[in-house]
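There are 4 protein chains.
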Amino acid sequence: MAITAAHTARAPRIRLGMVGGGRGAFIGAVHRIASRIDDQYELVAGAFSSDPDRSAASAADLGVSRSYGSFAEMAQKEARRKDGIEAVAIVTPNHMHAPVALEFLKRGIHVICDKPLTATLPEAKKLAKAAEASGVVFALTHNYTGYPMIRQAKAMVQAGDLGEIRLVQVEYAQDWLAHEVDNKQADWRTDPARSGAGGSTGDIGTHAFNLANFVSGLTLTELAADLQSFVPGRRVDDNAHVLLRYNSGARGMLWCSQVAAGQENGLRLRIYGTKAGIEWEQENPNYLWVTPIGAPRYRLTRGGAGSGEAAARVTRIPPGHPEGYLEGFANIYAEAGRAIIARRDGSALDAAVSFPGLKEGLEGVAFVDACVRSSAKNGAWTKLAL
Amino acid sequence: MAITAAHTARAPRIRLGMVGGGRGAFIGAVHRIASRIDDQYELVAGAFSSDPDRSAASAADLGVSRSYGSFAEMAQKEARRKDGIEAVAIVTPNHMHAPVALEFLKRGIHVICDKPLTATLPEAKKLAKAAEASGVVFALTHNYTGYPMIRQAKAMVQAGDLGEIRLVQVEYAQDWLAHEVDNKQADWRTDPARSGAGGSTGDIGTHAFNLANFVSGLTLTELAADLQSFVPGRRVDDNAHVLLRYNSGARGMLWCSQVAAGQENGLRLRIYGTKAGIEWEQENPNYLWVTPIGAPRYRLTRGGAGSGEAAARVTRIPPGHPEGYLEGFANIYAEAGRAIIARRDGSALDAAVSFPGLKEGLEGVAFVDACVRSSAKNGAWTKLAL
Amino acid sequence: MAITAAHTARAPRIRLGMVGGGRGAFIGAVHRIASRIDDQYELVAGAFSSDPDRSAASAADLGVSRSYGSFAEMAQKEARRKDGIEAVAIVTPNHMHAPVALEFLKRGIHVICDKPLTATLPEAKKLAKAAEASGVVFALTHNYTGYPMIRQAKAMVQAGDLGEIRLVQVEYAQDWLAHEVDNKQADWRTDPARSGAGGSTGDIGTHAFNLANFVSGLTLTELAADLQSFVPGRRVDDNAHVLLRYNSGARGMLWCSQVAAGQENGLRLRIYGTKAGIEWEQENPNYLWVTPIGAPRYRLTRGGAGSGEAAARVTRIPPGHPEGYLEGFANIYAEAGRAIIARRDGSALDAAVSFPGLKEGLEGVAFVDACVRSSAKNGAWTKLAL
Amino acid sequence: MAITAAHTARAPRIRLGMVGGGRGAFIGAVHRIASRIDDQYELVAGAFSSDPDRSAASAADLGVSRSYGSFAEMAQKEARRKDGIEAVAIVTPNHMHAPVALEFLKRGIHVICDKPLTATLPEAKKLAKAAEASGVVFALTHNYTGYPMIRQAKAMVQAGDLGEIRLVQVEYAQDWLAHEVDNKQADWRTDPARSGAGGSTGDIGTHAFNLANFVSGLTLTELAADLQSFVPGRRVDDNAHVLLRYNSGARGMLWCSQVAAGQENGLRLRIYGTKAGIEWEQENPNYLWVTPIGAPRYRLTRGGAGSGEAAARVTRIPPGHPEGYLEGFANIYAEAGRAIIARRDGSALDAAVSFPGLKEGLEGVAFVDACVRSSAKNGAWTKLAL
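Line by line, the protein sequences are chains G, H, Y and X. Under the working numbering, the first residue of the first sequence is numbered 21, with each subsequent residue one higher. Under the working numbering, the first residue of the second sequence is numbered 21, with each subsequent residue one higher. Under the working numbering, the first residue of the third sequence is numbered 21, with each subsequent residue one higher. Under the working numbering, the first residue of the fourth sequence is numbered 21, with each subsequent residue one higher.
Note that these hints are calculated values from the structure, not bench results. Careful: at least some of the hints might be erroneous.
One copy or two, either will do: identical chains are not told apart, so a pair holds if it fits within one copy or between any two.
What the hints assert, rightly or not - Pairs of lysine to any residue residues, derived as SDA-like cross-links and limited to a Cα-Cα distance of at most 20 Å, are as follows:
id	residue 1	residue 2
1	Lys295	Pro252
2	Lys295	Gly180
3	Lys397	Thr241
4	Lys295	Glu200
5	Lys397	Glu242
6	Lys295	Arg254
7	Lys403	Thr140
8	Lys295	Gly326
9	Lys397	Gly269
10	Lys295	Trp196
11	Lys295	Pro339
12	Lys295	Val201
13	Lys295	Gly253
14	Lys295	Arg319
15	Lys379	Ala150
These numbers were taken from a predicted model, which means no experiment stands behind them.
Please build the complete structure, drawing on both the sequences and the hints.
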């Protein structure tokens with residue numbers, strides 16, 4: 021029941037900037053709330069829009085004093101200030117992740133980047149190389165890995181509670197693109213120039229893929245994908261059926277869809293091993309079901325009996341008091357923050373700290389790339405081009 | 021709330037024989053209960069075992085007066101009696117379905133046969149041809165299509181409530197073969213000589229496939245299958261991942277498994293169209309979830325508000341009083357019984373009567389055959405050899 | 021997974037008569053199906069209506085050869101036949117239970133009577149006395165105690181798995197009388213002359229009360245009731261709130277309602293002890309939730325891992341294959357049938373056999389009586405007048 | 021999908037102080053997170069403990085610059101500063117609510133006070149009078165009324181969607197005091213001198229009572245309570261069964277328990293009217309079930325189709341992205357913040373703004389008082405002494 025997050029606030033707050041996330045944006049606001057929940061960050065600068073006036077208006081809305089008309093200007097000027105930002109949150113459409121990130125990391129500014137890493141695989145490789153060379157902390161907000169019960173699931177897999185993993189069933193179903201949609205969120209996500217070659221695969225398939233990797237600890241060897249664009253005129257996939265083969269011999273299926281009628285944000289993971297399985301659904305994330313062979317199915321709750329340290333260290337409130345999406349997202353910020361502060365202080369980072377970064381980002385973009393290539397070859401088994 | 025089933029009992033009960041289903045059998049007992057629930061049948065003869073003594077012992081257990089040591093003897097002798105059986109229930113392992121059925125149908129005795137139709141596709145084609153020529157009623161107990169809410173789902177699809185179907189997600193997960201098992205039920209199901217080339221695909225995959233076809237009304241064009249035998253030494257598949265392409269352009273995924281830890285009888289169907297989706301789970305079969313685009317998800321209950329005639333005609337008790345597996349199974353018997361009585365009386369059969377038969381049986385065996393062939397070609401898209 | 025019920029059929033079927041249950045009746049049809057499921061009974065005679073023509077018409081519908089125009093005639097004539105009925109099922113409105121039962125039991129014919137035992141407490145006491153004196157088997161169809169997971173729950177309480185019981189929360193919510201209703205089912209249930217002084221308390225409150233007693237093993241000491249008739253002009257209660265005090269010091273609440281909007285047949289039992297709790301819902305009766313203190317909540321399934329012998333002996337099919345209301349009801353028939361056959365054979369009755377009878381019937385009527393008296397005294401604590 | 025909360029941040033942040041909530045406290049940390057989520061408050065001062073050293077240590081933990089050794093000192097000194105606190109959060113044990121609040125409100129400092137309002141009814145009346153006289157904003161953190169779907173439920177009741185309300189079923193079940201517990205949280209809650217005469221009734225019963233009032237809009241006329249202390253030696257109730265009679269003729273039941281085995285934070289509200297019912301559970305707060313008479317049950321989701329403006333104005337993220345306890349709590353802070361800023365600016369307060377305050381506080385303490393008095397008179401119907 022401990023509320024431990026506040027303790028880390030004793031270090032001075034991390035000075036944060038943001039690129040993107042102006043008026044009408046969704047994910048920018050999520051990043052800002054996530055950065056506040058544990059009082060670890062302070063948002064002090066932003067290039068909230070590529071239009072300087074709109075950027076300034078958003079800054080005023082948010083009570084942020086330093087507003088910039090371009091990310092390049094922001095990178096240059098902040099890097100020169102003594103009290104300049106220590107980290108930047110990148111919440112632009114996909115095709116802008118790489119250019120923006122490169123501008124900041126080359127100046128030693130840590131990066132917290134929305135997923136997927138980039139719109140294309142060559143870009144991703146280039147960015148990963150540059151980021152590694154720079155030595156900055158690079159966090160990618162595959163936020164679902166921040167949920168405590170996902171941490172619990174991973175810990176159980178690692179402890180061998182499931183036995184040897186045989187099967188991974190993961191899906192992410194939405195319906196918001198079931199028909200022609202015309203708004204800011206939809207427009208760039210269905211434009212290959214901005215989203216990349218993958219539509220649903222890039223936007224949500226990468227989350228599903230990442231989540232399965234995170235919990236299972238497995239590495240995907242090859243996949244066979246059948247991609248569809250159900251909505252006439254759509255230029256990217258809005259539904260994908262993918263068969264999975266992992267290095268260990270485990271097999272799986274991944275389904276992602278933005279046209280599954282009546283689905284809101286149906287991310288669901290099921291993993292079955294030789295001893296037991298686990299089942300988790302994002303829409304009710306405080307529960308983890310465990311399904312042993314030969315014993316009754318049971319429900320672990322966030323912080324409740326049987327839930328261990330891996331979950332406890334990223335939870336804030338007692339069992340029965342549900343945490344949600346924002347807290348899970350905040351956990352990515354908190355974990356990245358621990359790394360940033362360790363870097364600032366020159367202190368050792370707690371080995372338990374975990375957040376997605378360049379490796380996961382590269383894998384995600386390679387996953388989309390492989391899906392698109394496999395589907396173009398009528399579902400031929402295709403290896404990730406890592 | 022009407023209890024209408026009893027009305028059909030006014031016709032004299034159908035004289036039923038059984039082949040297989042002796043002591044220790046599972047599905048034979050299910051067939052017997054199913055045949056009794058609506059008081060339409062009377063079990064009067066049986067070749068419950070190929071061992072005459074065991075057959076007689078089972079007959080005594082069951083209070084059945086006419087016991088035979090072989091199905092051939094039973095077919096011959098019953099055909100000669102004035103009060104001989106009108107129908108035979110075949111509840112043997114798969115490889116015996118065809119030889120037994122042929123013996124009865126050539127004598128004009130109606131057949132109620134457990135699924136799959138046969139162990140091999142050539143056998144299935146031969147049997148289907150002979151059965152059609154004979155003119156007997158041939159029912160195949162794909163019992164899950166007997167559930168009222170499955171009838172409701174089909175009626176909703178037909179009425180256009182879902183719009184144009186885009187996606188079919190169907191799965192059937194069990195864990196009873198997760199490890200080496202040694203019992204009567206497991207032995208023949210993992211022996212290709214008795215079960216056919218498919219393991220989980222034949223035993224439960226055919227159910228899933230049939231259920232999706234029944235509700236969606238779609239025809240499968242081709243499939244791509246990745247079959248596994250996770251348990252060392254197993255000679256048939258115990259898990260299968262299958263991608264589906266339907267004639268209409270709809271796509272789908274089918275997963276069947278007998279090694280999914282902690283799963284009992286997890287048959288689950290989800291279908292999504294341009295307007296709405298439906299979701300159904302066999303383990304709680306009295307509910308059908310409807311998931312419209314742009315309106316709240318709602319729950320239809322068997323006999324409850326919003327549930328229509330297609331469900332009502334195969335239900336016995338008011339909403340909130342759950343019906344289960346045996347009642348669903350009994351609905352196949354009741355529907356086949358209506359056809360048998362119509363044949364006996366020379367009367368017209370109510371157009372609403374529906375039960376799986378030769379067409380569904382052929383498709384099921386062709387499905388298994390295509391899965392095995394596709395998997396052997398590393399998941400190449402493969403057409404059903406119908 | 022054993023299908024054992026059929027074995028008892030080796031004894032000749034019990035010859036059964038029925039009083040009530042003619043065309044349009046609900047519960048009569050349920051009794052008939054329940055009597056058939058395990059092939060233990062044969063319905064051979066009936067006074068299905070007090071109108072001889074209607075009785076004969078129902079008999080013809082049902083294929084029952086011996087039809088009577090009155091229960092008295094039936095009792096007399098059947099008692100004289102060598103092949104006369106051995107047991108009678110009474111499925112009339114409440115006020116007729118006692119007169120009918122007395123007529124049969126005084127002739128040594130076993131009685132299977134719908135609940136509640138009678139419409140009034142004096143009648144109940146008289147009937148109980150007469151029935152005990154007669155020595156017949158007397159079963160009362162508090163059918164919910166026939167559900168396997170209710171047997172499992174009782175066994176767990178008896179084994180001490182819950183520790184000392186502290187709390188009983190039981191409810192039974194429907195909405196079918198939420199407004200003025202005019203049909204055969206509603207008419208007699210809202211007429212005190214036929215239903216007795218209790219409305220919802222008699223019709224469903226007695227089920228809830230009985231279920232709680234059965235599982236908990238506790239005896240109610242006193243209750244405080246607040247009864248309402250929400251529908252204008254209704255002459256009996258359609259909703260009741262009842263506080264419970266048990267002999268052991270345990271406390272509880274009982275809610276029954278026929279005006280709870282949107283509820284179908286919401287019978288739900290929760291019992292909490294010093295070590296663990298159990299939770300069960302009739303609308304999905306194959307699951308029993310166990311809620312230990314200090315360990316995760318788990319789900320027992322009918323026949324699944326962790327479910328014991330008490331449930332197994334009243335189940336027919338494997339876990340994951342849902343059983344429902346009719347199978348639960350059939351278990352009361354099966355248990356009573358075991359007692360009837362033991363009586364017929366002079367054999368000892370298996371100690372595990374359990375079905376509700378006179379004691380439970382008396383308690384139920386006393387419960388209704390105490391509710392009505394307490395409510396009339398503005399909810400004063402009131403003892404059962406047993 | 022709008023993220024609107026941030027817009028209110030354009031006003032300068034509200035300077036907040038805190039009394040209580042030092043190291044090891046639970047609810048203080050919750051208040052702090054809640055105050056941060058929408059960026060409306062800045063915590064600048066605290067009397068986190070009555071021990072000055074402990075207070076200072078907590079302030080250092082939290083990065084709060086102004087630390088005080090007593091609430092009285094803090095009230096005096098802050099009131100004198102130009103940049104002194106505008107509002108104080110009181111998160112002490114119950115008996116300290118009144119003395120602390122009085123000290124601040126008499127200096128015109130707004131109060132955000134944890135529930136229940138006070139430990140005794142006379143105190144509550146005195147505090148309410150003084151607070152009203154002072155004119156400050158007084159918010160009481162009955163946080164569950166901050167959940168969006170609770171706002172939705174209230175709006176539906178007000179719109180008449182349920183018809184006339186007949187029934188209220190509310191419960192709040194936990195098990196953390198099922199046995200003797202010895203920790204800071206448990207100690208004061210089971211000490212009548214600090215918690216007041218009610219145990220579970222005060223700690224959680226008041227939440228349940230408040231929630232039912234908030235959604236139903238009804239006023240309780242009288243109650244009949246049966247209170248228990250199941251754990252030997254416990255000086256306050258740990259379980260309560262309460263019958264409810266509302267002014268409109270509606271009736272209800274309230275159950276609160278801290279000894280219900282296996283329950284974490286089981287607050288559950290069900291309200292049934294002449295047209296429909298609603299059902300909500302705190303542990304999965306993003307769903308509201310609506311149960312009409314004569315139509316299928318449906319599920320409203322936070323922000324999803326059919327969910328209206330009342331919910332939308334207190335939600336931050338799209339449907340399918342779960343919000344939890346902290347966001348609900350933050351909504352109370354956000355609503356109170358709107359009132360505080362309106363007061364600061366002299367602007368009109370949006371009529372939609374709603375948060376619990378003195379009226380709800382008084383009712384809650386009167387509820388506990390009536391429960392204790394009724395139970396002492398063996399459950400006699402007792403009016404609230406308002």
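Going down the list of hints, with the structure as the test:
1. Lys295 with Pro252: between (45 Å within a copy, 15 Å between copies)
2. Lys295 with Gly180: For Lys295 and Gly180, the Cα distance is within 20 Å only inside one copy (9 Å; across copies 29 Å).
3. Lys397 with Thr241: both (17 Å within a copy, 18 Å between copies)
4. Lys295 with Glu200: between (45 Å within a copy, 13 Å between copies)
5. Lys397 with Glu242: both (14 Å within a copy, 16 Å between copies)
6. Lys295 with Arg254: Only across copies: Lys295 and Arg254 sit 18 Å apart there, 43 Å inside one copy, limit 20 Å.
7. Lys403 with Thr140: within (16 Å within a copy, 35 Å between copies)
8. Lys295 with Gly326: both (17 Å within a copy, 16 Å between copies)
9. Lys397 with Gly269: Between. Shortest inter-copy distance 18 Å satisfies the 20 Å Cα cut-off; intra-copy 24 Å does not.
10. Lys295 with Trp196: Intra 38 Å, inter 12 Å, cutoff 20 Å: inter-copy only.
11. Lys295 with Pro339: between (27 Å within a copy, 19 Å between copies)
12. Lys295 with Val201: The answer is between: 15 Å across copies meets 20 Å, while 45 Å in one copy does not.
13. Lys295 with Gly253: between (47 Å within a copy, 18 Å between copies)
14. Lys295 with Arg319: both (16 Å within a copy, 18 Å between copies)
15. Lys379 with Ala150: within (13 Å within a copy, 61 Å between copies)
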